[in-house]
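A.B. asks: Turn these sequences into a full structure, and let the hints guide you.
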Amino acid sequence: MNRPGDIEVERYELSEVAPYRFEVERREFMRIFGVMGAGVLVLASVPASAQESGRTGQQSASTDVSAWVHIDERGHVTGYTGKTEIGQNIRTSLAQAIADELRVPLDRVSLVMADTDLVPFDQGTFGSQSTPRMAPQLARAAAAAREMLLDRAATQWNVDRATLSVKDGQIVGQRQSAGLGEITKGQKLVGVVPVGVSGSPVAQWVSRGTAEKKVAGADFVTGRHRFTPDITRPGMLYGAILRPVGYTGTLASMDDSAARAIKGVTVVRDGTFAGVVAPTERLARRAAAAIKTDWRVPTDLPSSQTVYEHLKKTGTTSGGGRGGTPTIAGDVSAARAAAARTFDASYRIPYIAHVPLEPRSAVAEWSDGKLTVWTGTQRPFGVRTELAEAFRIPETQVRVIVPDTGSAYGGKHTGEFAVEAARLAKAAGKPVKLVWTRAEEFSFGYFRPAGVIDVKTAVDGNGRMTAWEFDNWNSGSSAIQTPYEVPNRRIQFHQSDSPLRQGSYRGLAATANHYVREMHMDAIARALNVDAVEFRLKHLKDERMRNVLTAAAQRIGWPKASAANRALGIACGTEKGSYIATAAELSRADKGFKIERLVVTFECGAIVNPDGLKNQIEGSVVQGLGGALFEAIEFAGGKLANGSMAQYRVPRFKDVPAIDVVLLDRRDLPSAGAGETPIVCVAPAIGSAARSFGTVATELPVKLV
Amino acid sequence: MGIYTLRINGKTHQIEGEPNDSLLSVLRYELDLIGSKFGCGEGACGACTVLVDNQATRSCVTRLAAVDGKSIMTIEGLGGNQLHPVQQAFLDAEAFQCGYCTPGMVMATVSLLRTNPTPSEADIARIMDRNVCRCGTYPRIVRAVKMAADRMRNTESAEVRR
Numbered sequence: 000m001n002r003p004g005d006i007e008v009e010r011y012e013l014s015e016v017a018p019y020r021f022e023v024e025r026r027e028f029m030r031i032f033g034v035m036g037a038g039v040l041v042l043a044s045v046p047a048s049a050q051e052s053g054r055t056g057q058q059s060a061s062t063d064v065s066a067w068v069h070i071d072e073r074g075h076v077t078g079y080t081g082k083t084e085i086g087q088n089i090r091t092s093l094a095q096a097i098a099d100e101l102r103v104p105l106d107r108v109s110l111v112m113a114d115t116d117l118v119p120f121d122q123g124t125f126g127s128q129s130t131p132r133m134a135p136q137l138a139r140a141a142a143a144a145r146e147m148l149l150d151r152a153a154t155q156w157n158v159d160r161a162t163l164s165v166k167d168g169q170i171v172g173q174r175q176s177a178g179l180g181e182i183t184k185g186q187k188l189v190g191v192v193p194v195g196v197s198g199s200p201v202a203q204w205v206s207r208g209t210a211e212k213k214v215a216g217a218d219f220v221t222g223r224h225r226f227t228p229d230i231t232r233p234g235m236l237y238g239a240i241l242r243p244v245g246y247t248g249t250l251a252s253m254d255d256s257a258a259r260a261i262k263g264v265t266v267v268r269d270g271t272f273a274g275v276v277a278p279t280e281r282l283a284r285r286a287a288a289a290i291k292t293d294w295r296v297p298t299d300l301p302s303s304q305t306v307y308e309h310l311k312k313t314g315t316t317s318g319g320g321r322g323g324t325p326t327i328a329g330d331v332s333a334a335r336a337a338a339a340r341t342f343d344a345s346y347r348i349p350y351i352a353h354v355p356l357e358p359r360s361a362v363a364e365w366s367d368g369k370l371t372v373w374t375g376t377q378r379p380f381g382v383r384t385e386l387a388e389a390f391r392i393p394e395t396q397v398r399v400i401v402p403d404t405g406s407a408y409g410g411k412h413t414g415e416f417a418v419e420a421a422r423l424a425k426a427a428g429k430p431v432k433l434v435w436t437r438a439e440e441f442s443f444g445y446f447r448p449a450g451v452i453d454v455k456t457a458v459d460g461n462g463r464m465t466a467w468e469f470d471n472w473n474s475g476s477s478a479i480q481t482p483y484e485v486p487n488r489r490i491q492f493h494q495s496d497s498p499l500r501q502g503s504y505r506g507l508a509a510t511a512n513h514y515v516r517e518m519h520m521d522a523i524a525r526a527l528n529v530d531a532v533e534f535r536l537k538h539l540k541d542e543r544m545r546n547v548l549t550a551a552a553q554r555i556g557w558p559k560a561s562a563a564n565r566a567l568g569i570a571c572g573t574e575k576g577s578y579i580a581t582a583a584e585l586s587r588a589d590k591g592f593k594i595e596r597l598v599v600t601f602e603c604g605a606i607v608n609p610d611g612l613k614n615q616i617e618g619s620v621v622q623g624l625g626g627a628l629f630e631a632i633e634f635a636g637g638k639l640a641n642g643s644m645a646q647y648r649v650p651r652f653k654d655v656p657a658i659d660v661v662l663l664d665r666r667d668l669p670s671a672g673a674g675e676t677p678i679v680c681v682a683p684a685i686g687s688a689a690r691s692f693g694t695v696a697t698e699l700p701v702k703l704v
Numbered sequence: 000m001g002i003y004t005l006r007i008n009g010k011t012h013q014i015e016g017e018p019n020d021s022l023l024s025v026l027r028y029e030l031d032l033i034g035s036k037f038g039c040g041e042g043a044c045g046a047c048t049v050l051v052d053n054q055a056t057r058s059c060v061t062r063l064a065a066v067d068g069k070s071i072m073t074i075e076g077l078g079g080n081q082l083h084p085v086q087q088a089f090l091d092a093e094a095f096q097c098g099y100c101t102p103g104m105v106m107a108t109v110s111l112l113r114t115n116p117t118p119s120e121a122d123i124a125r126i127m128d129r130n131v132c133r134c135g136t137y138p139r140i141v142r143a144v145k146m147a148a149d150r151m152r153n154t155e156s157a158e159v160r161r
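Each protein sequence line maps, in turn, to chains A and B.
The opening position of the first sequence corresponds to residue 0 in numbering that gives the first Met the number 0, with each subsequent residue numbered one higher.
The opening position of the second sequence corresponds to residue 0 in numbering that gives the first Met the number 0, with each subsequent residue numbered one higher.
Derived by calculation from the structure, the hints in this document are not laboratory data.
Hints are not guaranteed to be accurate.
[Unchecked claim] Computed cross-link-like contacts, DSBU-like style, restricted to lysine-lysine with a CA-CA straight-line distance of at most 35 Å:
(1) Lys537(A) with Lys311(A)
(2) Lys69(B) with Lys262(A)
(3) Lys702(A) with Lys638(A)
(4) Lys593(A) with Lys702(A)
(5) Lys593(A) with Lys212(A)
(6) Lys559(A) with Lys540(A)
(7) Lys590(A) with Lys145(B)
(8) Lys262(A) with Lys369(A)
(9) Lys425(A) with Lys291(A)
(10) Lys429(A) with Lys10(B)
(11) Lys212(A) with Lys187(A)
(12) Lys145(B) with Lys593(A)
(13) Lys429(A) with Lys262(A)
(14) Lys212(A) with Lys166(A)
(15) Lys212(A) with Lys145(B)
(16) Lys653(A) with Lys145(B)
(17) Lys653(A) with Lys638(A)
(18) Lys10(B) with Lys262(A)
(19) Lys593(A) with Lys537(A)
(20) Lys559(A) with Lys537(A)
(21) Lys145(B) with Lys69(B)
(22) Lys653(A) with Lys312(A)
(23) Lys590(A) with Lys540(A)
(24) Lys559(A) with Lys69(B)
(25) Lys653(A) with Lys69(B)
(26) Lys537(A) with Lys455(A)
(27) Lys702(A) with Lys537(A)
(28) Lys145(B) with Lys702(A)
(29) Lys166(A) with Lys311(A)
(30) Lys145(B) with Lys10(B)
On a predicted model such as this, the values are computed, not experimentally measured, just so you know.
C.D. replies: As structure tokens, then:
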């Protein structure tokens, strides 16, 4: 059941260091000139070891971050990055960094993203790294290009370089001026960013720090933008894959005579893989339905009821792999023995689904042994490797192109749909499009891991925590360390055997770990009859955390709710280098509660695009409402019980309360990623408020029992 | 197989297909009108929303036979050379992230404003509740709908005054 290739827990933390990273080859950048024409091309790269972390409690990601910037003769600027646009709006925010360094308006800059033939290698788009890691590289490349062009202008005009400046895309001297690109005079210039060159300080930002509109936004409101499912190729056919009824099973036998009888249909069987190709999408579905299949399905599979026991039973104890080694400080046993009071609890976190509206899909085309695949993935180079391995061809024979994608939320790290489309295309000898159905999305994608979290705390006679024990089975280790000052700690992640396929998700396990930690902090404060904000502050040294917490408390009017029969709850945390506090005001409703409003205070260093940031925070909070209030995958006997949009409820208009977002701009601090962190405190803010109305279940979603 | 007559964005099309073929598949695959998106195929997410005789309709669960002789408007038929006020409002309110739900949201809004030119926030939430934005830009979409309503009303009253 524990299929090694299928386990995807917090994948980027698993990433191994790429063993070699060679200099960019000459032919690679000659290709750029081939596409973009003459001008200047600057390459910026920073090895993993030299990267500033800017994170707390996180292992640093383990590969170089590279970017290129090209300026053509007409002065149009193109940035090259392996990052993907999946709705987080980096096509805009990364361009803002380039525009600033070259002193050009934003509309003079475009980005080539996530095309493995055209951009430098990149590990993938996850972990909120685009803003803290990719933006600085693009800025460095752009800044170096500017300096190179200033040098050339000074030489060409035979003037003192100090008399030249760059303004609105022009190099301006005392007597003459020229467009940035004109200075190159049809030559192909290549520069590599010298060590020590960095982008402008925040004080010199022009575009950055402002609410620039989404680049090419009109293509989305008109429906013109082609997402992967909208891509067509000449002669393209349509594919469908044969699947078991539930989420698991191995193909034992099949009778495809009825499908083969349909004109134009090709049936493909290769080992345990089986699918069909047809001239139309409808015919492909019809042909797939006409095939009789037998599947071997494992028995005795855990259900959503029994899974927690299963996870605890199969969890690693110590040393066994990633996260297996506990973090130990002081002596928790001695602290417990000496404690005035102890507080122990156990919480359960269900599997939840990403439900990206654009289903996993791919268009694959073989031409002279070379494979090109258009697909929505967060890891274009990773999918390139998957394809090369699947078809036993060199990676140079595979090109992966990621059109701006209809969201992912951590759900599109893998490329099985790309492999499937490519296998069908190989058999058919024509390009093939494969779009997963929503049922396939639920059953054959992967989920945010389920988990069990036990927490045990000891408190002394002064109401100060003296021991903190925290065991997380399977949901993951992101943000597992407590930000609260407790002298004696034992914190451990236990990897378990997951019956369902699991993987990355927005915020990873930081949501589960914050839920339990903050709910437990609230429970202790209530039991000790002390204010929940005061109790936290008593154990918090980190000024950034204290600031977001006190700002949220103040904004919601803590500790008094705005009306009778209402209650407040609050939670705070940090993840991916940014800080969040969320406060909720609830009112009583029939059998449960209603959220009247949420206050979110957020601090991620220097803000690049305030409106884009607000959009991400609101979206992250809304997504968090799903896991907090109703999302949970139900399953039994190898089948999902709620694997459809009609049955699996995601947040809708009516579910969204007033959300009051307060941004704390810290221009003195480097910009951290922001798309994930705001999700982590939604559930505990609501859960702790709900406790004022009764007992809250220890299993998510939050409900009164 | 049968032949069905569909009037799509003002043009008449003769479509050969099975009565149970979905309108969405005809739009996307027969006519390359890819602005209407496939999201769920169950009529539960609204990414495929089009107008059938001016009514917001989930094209993924609408049978071809059911729209024979009907007038259909997709996102491609909206606005002409310039953006429709609803599209402009979505752009101005930055009421999207990934943009996959946007065409369906825009069409649902156009339909809503035809029947209720002055919707309250509660009206918007009630009528639009069948459309999902998984990126969670609902507060912005509500703002965009109100912005579009205001602008369309002002334009209309300006036209009346003229």
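A.B. asks: Would you mind marking each hint as holding or not holding in the structure?
C.D. replies: Status of the hints after comparison with the structure:
For the proposed pair Lys537(A) and Lys311(A), the alpha carbon gap of about 33 Å is at most 35 Å, so the pair holds. Taking the CA atoms of Lys69(B) and Lys262(A), the gap is about 31 Å. The hint holds against a cut of 35 Å. For the hint linking Lys702(A) to Lys638(A), the alpha-carbon distance of about 25 Å falls within 35 Å, and the restraint holds. Restraint check for Lys593(A) and Lys702(A): satisfied, since their Cα atoms lie roughly 11 Å apart, inside the 35 Å limit.
Annotation: proposed proximity of Lys593(A) to Lys212(A) holds, straight-line Cα distance about 34 Å (limit 35 Å). The hinted pair formed by Lys559(A) and Lys540(A) meets the criterion: a straight-line CA distance of about 25 Å does not exceed 35 Å. The suggested pairing of Lys590(A) with Lys145(B) holds, with an alpha-carbon distance near 33 Å, which does not exceed 35 Å. For the given pair, Lys262(A) sits about 28 Å from Lys369(A) by alpha-carbon distance, which is consistent with the 35 Å threshold.
With a C-alpha separation of about 23 Å, the suggested pair Lys425(A) and Lys291(A) falls inside the 35 Å cut-off, and the hint holds. For the hint pairing Lys429(A) with Lys10(B), the CA-to-CA distance comes to about 32 Å; that is within 35 Å, so the pair holds. Distance restraint check for Lys212(A) and Lys187(A): the Cα-Cα separation of roughly 33 Å lies within the 35 Å cut-off, and the hinted pair is therefore satisfied. A distance of roughly 25 Å separates the Cα atoms of Lys145(B) and Lys593(A); the hinted pair therefore holds under the 35 Å criterion.
The straight-line distance between the Cα atoms of Lys429(A) and Lys262(A) is roughly 16 Å, inside the 35 Å bound, and the hint therefore holds. The hinted pair formed by Lys212(A) and Lys166(A) meets the criterion: a straight-line CA distance of about 22 Å does not exceed 35 Å. Between Lys212(A) and Lys145(B) the alpha-carbon distance is near 19 Å, which keeps this suggested pair within the 35 Å criterion. Between Lys653(A) and Lys145(B), the direct Cα distance comes to roughly 16 Å. Compliance with the 35 Å bound is thereby established for this hinted pair.
In summary, the hint linking Lys653(A) to Lys638(A) is supported, as the alpha carbons are separated by about 30 Å, within the 35 Å threshold. At roughly 31 Å between alpha-carbon atoms, Lys10(B) and Lys262(A) fall within 35 Å of each other, so this suggested pair holds. Restraint check: the Cα-Cα separation between Lys593(A) and Lys537(A) comes to about 31 Å, which is no more than 35 Å; the hinted pair holds. The straight-line distance between the Cα atoms of Lys559(A) and Lys537(A) is roughly 20 Å, inside the 35 Å bound, and the hint therefore holds.
Distance hint between Lys145(B) and Lys69(B) is fulfilled; the C-alpha atoms sit about 30 Å from each other, no more than 35 Å. Straight-line distance between C-alpha atoms of Lys653(A) and Lys312(A) comes to about 40 Å, which puts the hinted pair past the 35 Å bound. Taking the CA atoms of Lys590(A) and Lys540(A), the gap is about 40 Å. The hint is violated against a cut of 35 Å. The suggested pairing of Lys559(A) with Lys69(B) is violated, with an alpha-carbon distance near 57 Å, which exceeds 35 Å.
Taken as a hint, the Lys653(A) and Lys69(B) pair is honoured in the structure, with Cα atoms around 32 Å apart against an allowance of 35 Å. Note on Lys537(A) and Lys455(A): the hinted pairing holds, with a Cα-Cα distance of about 19 Å set against a maximum of 35 Å. Distance restraint check for Lys702(A) and Lys537(A): the Cα-Cα separation of roughly 29 Å lies within the 35 Å cut-off, and the hinted pair is therefore satisfied. About 34 Å separates the Cα atoms of Lys145(B) and Lys702(A), which keeps this hinted pair within 35 Å; it holds.
The hinted pair formed by Lys166(A) and Lys311(A) fails the criterion: a straight-line CA distance of about 62 Å is larger than 35 Å. With a C-alpha separation of about 31 Å, the suggested pair Lys145(B) and Lys10(B) falls inside the 35 Å cut-off, and the hint holds.
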